[in-house]
Amino acid sequence: MTSINTTAAGVEIEDLDVSFGDTHVLKGANLSIEPGEFFAFLGPSGSGKSTLLRAIAGFGPTPSGRILIGGEEVAHLPPWKRNVGMVFQSYALWPHMTVRRNVAFGLEERKLPSREIATRVDAVLEMVGLLDLAERRPAQLSGGQQQRIALARTLVVEPRVLLLDEPLSNLDANLRIQMRRELRELQQKLRLTTIFVTHDQEEANTTSDRMAVLNDGVIQQVGAPMELYDNPANLFVATFLGTANVLKGLVEDTDDGAQFNSVDGVPIPLHTKERGPRSLVFRPQNVAIAPANAPVDSDRVRIAGTVCHMEFLGSIIRYGVSVGADTALVDDQHRRGAPVFAIGDEVNLFLQKDQVTTLKN
Amino acid sequence: MFLLLFLLVPMAQVVVVAFQDPNTGAPTLINFVDFFKTSLFQESFINSFYVAAMSVVLSSLFALPLAYFTTRFNFGGALLIQTLGIIPLIMPPFVGAVAMALLFGANGSVNLLLDEWFGFTIPFMEGLNGVIFVESIHYFPFILINLSAALNNIDRAMEESAQNLGASGTRLFRRIVFPLAMPGYVAGAALVFIKVFDDLGTPLLLNINNMLAPQAYLRITSIGISDPMGYVISVILVAFSLLSLWVSLLALRGKDYATLQKGGGGLMRRDLRNWEKIGCYAVVILILLLVLSPHLGLLLLSFGTIWSFSVLPDAYTIDHYVTVFSEASGYITNTLLYAGLAALFDVIIGTGIAYIVWRTGLPGRKWLDYGATAALAVPGVVIGIGYLRTYHGINVPIADQPLASWWVIIVVALTIRRLPYALRACVAALQQVSVMLEEAAENLGATKGRTVWRIVVPLMSGGILAGFVTSFATASVELSATLMLVAVDSDAPLAYGIYEFMQSAAGRGPGAALGVIGVVFVGLGTYISHRIIERGRVTLESTAIVAEGAAA
Chain A
0 MTSINTTAAG VEIEDLDVSF GDTHVLKGAN LSIEPGEFFA FLGPSGSGKS
50 TLLRAIAGFG PTPSGRILIG GEEVAHLPPW KRNVGMVFQS YALWPHMTVR
100 RNVAFGLEER KLPSREIATR VDAVLEMVGL LDLAERRPAQ LSGGQQQRIA
150 LARTLVVEPR VLLLDEPLSN LDANLRIQMR RELRELQQKL RLTTIFVTHD
200 QEEANTTSDR MAVLNDGVIQ QVGAPMELYD NPANLFVATF LGTANVLKGL
250 VEDTDDGAQF NSVDGVPIPL HTKERGPRSL VFRPQNVAIA PANAPVDSDR
300 VRIAGTVCHM EFLGSIIRYG VSVGADTALV DDQHRRGAPV FAIGDEVNLF
350 LQKDQVTTLK N
Chain B
0 MFLLLFLLVP MAQVVVVAFQ DPNTGAPTLI NFVDFFKTSL FQESFINSFY
50 VAAMSVVLSS LFALPLAYFT TRFNFGGALL IQTLGIIPLI MPPFVGAVAM
100 ALLFGANGSV NLLLDEWFGF TIPFMEGLNG VIFVESIHYF PFILINLSAA
150 LNNIDRAMEE SAQNLGASGT RLFRRIVFPL AMPGYVAGAA LVFIKVFDDL
200 GTPLLLNINN MLAPQAYLRI TSIGISDPMG YVISVILVAF SLLSLWVSLL
250 ALRGKDYATL QKGGGGLMRR DLRNWEKIGC YAVVILILLL VLSPHLGLLL
300 LSFGTIWSFS VLPDAYTIDH YVTVFSEASG YITNTLLYAG LAALFDVIIG
350 TGIAYIVWRT GLPGRKWLDY GATAALAVPG VVIGIGYLRT YHGINVPIAD
400 QPLASWWVII VVALTIRRLP YALRACVAAL QQVSVMLEEA AENLGATKGR
450 TVWRIVVPLM SGGILAGFVT SFATASVELS ATLMLVAVDS DAPLAYGIYE
500 FMQSAAGRGP GAALGVIGVV FVGLGTYISH RIIERGRVTL ESTAIVAEGA
550 AA
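Line by line, the protein sequences are chains A and B. When we follow numbering that gives the first Met the number 0, the leftmost residue of the first sequence carries the number 0, and every step to the right adds one. When we follow numbering that gives the first Met the number 0, the leftmost residue of the second sequence carries the number 0, and every step to the right adds one.
One or more hints might be untrue.
Said to hold, decoys possible - Residues from chain B that keep clear of chain A, each with C-beta distances beyond 10 Å, as calculated:
#, residue
1, Leu249
2, Thr316
3, Asp490
As the list claims (entries may be wrong) - No farther apart than 35 Å at their CA atoms in a straight line, the calculated lysine-lysine pairs in the DSBU-like style are these:
#, chain 1, residue 1, chain 2, residue 2
4, B, Lys447, B, Lys194
5, B, Lys276, A, Lys80
6, A, Lys188, A, Lys80
7, A, Lys110, A, Lys188
8, B, Lys276, A, Lys110
9, A, Lys359, A, Lys272
10, B, Lys276, A, Lys26
11, A, Lys247, A, Lys80
12, A, Lys272, A, Lys188
Hints in this document: simulated from the structure, not taken from any laboratory. The beta-carbon is built from N, C-alpha and C at its ideal position, and this holds for glycine as well.
In isolation and in its complexed conformation, chain A is listed as follows (with noise of 0.2 Å):
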């Protein structure tokens, strides 16, 4: 039984815009996520992701649009009168205070009788696991049990959302992996509606439910981790969620149908109905590299190449392919014994027709 109650918002997003100064940060952002959702803003630094949760915390210049938590419209609220928590990047513990009055402090604006909070202190502490650490001074804590202390003194006063603010990114590797699985679980155990932003596309993948992906203040797309991955919805979000190999061409009609030409004539035939500029996307682990002898599969989509470099990383061999003036990538599973490219080799690269991508340029 959890010493936390707390009961899940919604968050809702509508044209929100924000501007430091002539910069404009977020362009009309339009989001809605659901209450006891795990939701992740992945994008690259400068994307805006850090402003738009700031701005739902009422940090940072004042938005246009609407937010509305639970329903209730918050944009003109002081971030003091909007009950939503948010673990800071940097942890932001008060050094001058202990650990048990940094997770009061909270609970003490909040003019909460003293017996109380100490239950409440103790409860969440516990919950964390470092009680015994209560009258430590915040230097005196490594970083993953500062950030455990960030996490309980911003869950002891029980907010409608939390927010979380690319948390990890202060903890080693190791302890990167612990944490994002423990938030998780956490996270789980609470149904607390949770927003968490990062960088890093393997925590955003490992720990959400749905995630936004933004670019240059722009939402490009939002989804479930595995669906962004494999219906990327344009070329950023293709190449920012692993690696993507980007043929870019125009797709034309021919006697059998549509067939594509690379930017410098390379053409590959195709089955589908659209038409005009495109880019083929394709992922490297999907492709099959073959010798250019080898018999021909009319049922896969066949690239002609030339090996220019190779790379033996242990379970994969990565191939470099000479598309024309483009360079795909193939990763080709290494067993023992295998016969290996080499470079100059001439190859011919099959796809599984679904799994090519076209997208707009």
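Based on the hints, put chain B in the right spot on chain A.
For chain B alone, coordinates are given in the frame of chain A:
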């Protein structure tokens, strides 16, 4: 060696004499017992303590709003306010004291106006109030500078997380902002306390003699250098200086919150609503008017003919400046000579100490740093007394007079007094020079000495120059040590001249003119050193990149 001769030995001498029986020379506490039995000294002690403490309080009242408004709100003219707020420091407090008496005294401009319009007066300058008032106005920038720096260094997330948890307004300030800025505040407050406690010129000029520093001066000058009371007071002054430094260190221990962390954003500045803005500006303007009043008063005084029992001078003239340049130009040339030499020695010694402390493994090098910095805790009066006692018997061969009354001793005193400033500037400059740049020179065949000369010193030049200017500017208006050491009028520097002039009513005009010249000196010096540091920053950024690239 220099430190030993001119800082430690005189200080030891002072301490020894304080604990010596004046008749037998046996070690004793009798002098201290006498001191605390004498009601005048008891009163002086309490007065000094009271004045220093109240000055801290009043300075805080001036500094707090200025620091908070300019660092936390989007505030037009924040930079101007910060700059104006520092200006009081560039005038020796005793110079402002006379102008303040004319503006705020019982028959000063403000009280005349108050009396005329509202029928009451405020005793700003009455007795100790006057000292507190003048000292607070002069020294509050120490708190302003330190507090502003501390407020600027607080990670935005520290405040945002408190807001996120429901805190706002004054509660946010009281529970989070102020505690985090505490180290800066305490550092500034301790400095104010020490400076006020030790100050000699201001109480003397305001004719308040029942405080410790004036008593020490009067005992030595009127009764003679064998009177033990002067030494007892000196020891007490030093002890209190050290005590308040120690208390501030204690308060700061383990609290040096470097809260600007990785991923931490810059400052959070809030927009003000209109009525808030008007309120803030009103407070800021009132404070600035108050703290700049000594300068305005001094300027009026230097150009005014007769200024007495009236709001403003009766008429204006440049006669005082003519008088100063025709009669008192000796003061100015002396000052240029003394302060220039002192500043030169300071940066040479400062660079040497900085290099020894930060780049060599000499045993006891830390003590060198402490020793030089300790000069900060030794009041000018005490330095003066120590020199008189130690060196009055030593004859300088060529000049054929006691070392203690030779003009060079003034230079030495100034050098010691300003060494801490120069040292800090040199250390800061040296720390920005990557060790790798030196190693590269040595790797290419330069000896240690050649490396220092060709690589380190040129790279430090900005900092060294800034140190020189700071030392020069502040040395040129130093009064307390020189007051003790000036033997003949022709050897006297500017500050002494102002003091002499200000003693008589007729001399106030020329005194003020001399004061304005002093302010211009220091003001120019401060401006130049700022410019040098700014320019240095640009060139140093490229070195920093080199250093970082090498580190990566």
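Here's how the hints hold up against the structure:
| no. | hint | result |
| --- | --- | --- |
| 1 | Leu249 | holds (15 Å) |
| 2 | Thr316 | holds (52 Å) |
| 3 | Asp490 | holds (52 Å) |
| 4 | Lys447/B with Lys194/B | violated (40 Å) |
| 5 | Lys276/B with Lys80/A | holds (23 Å) |
| 6 | Lys188/A with Lys80/A | holds (26 Å) |
| 7 | Lys110/A with Lys188/A | holds (27 Å) |
| 8 | Lys276/B with Lys110/A | holds (30 Å) |
| 9 | Lys359/A with Lys272/A | holds (13 Å) |
| 10 | Lys276/B with Lys26/A | holds (31 Å) |
| 11 | Lys247/A with Lys80/A | violated (51 Å) |
| 12 | Lys272/A with Lys188/A | violated (47 Å) |
The earlier numbered hints that this structure contradicts are 4, 11, 12.
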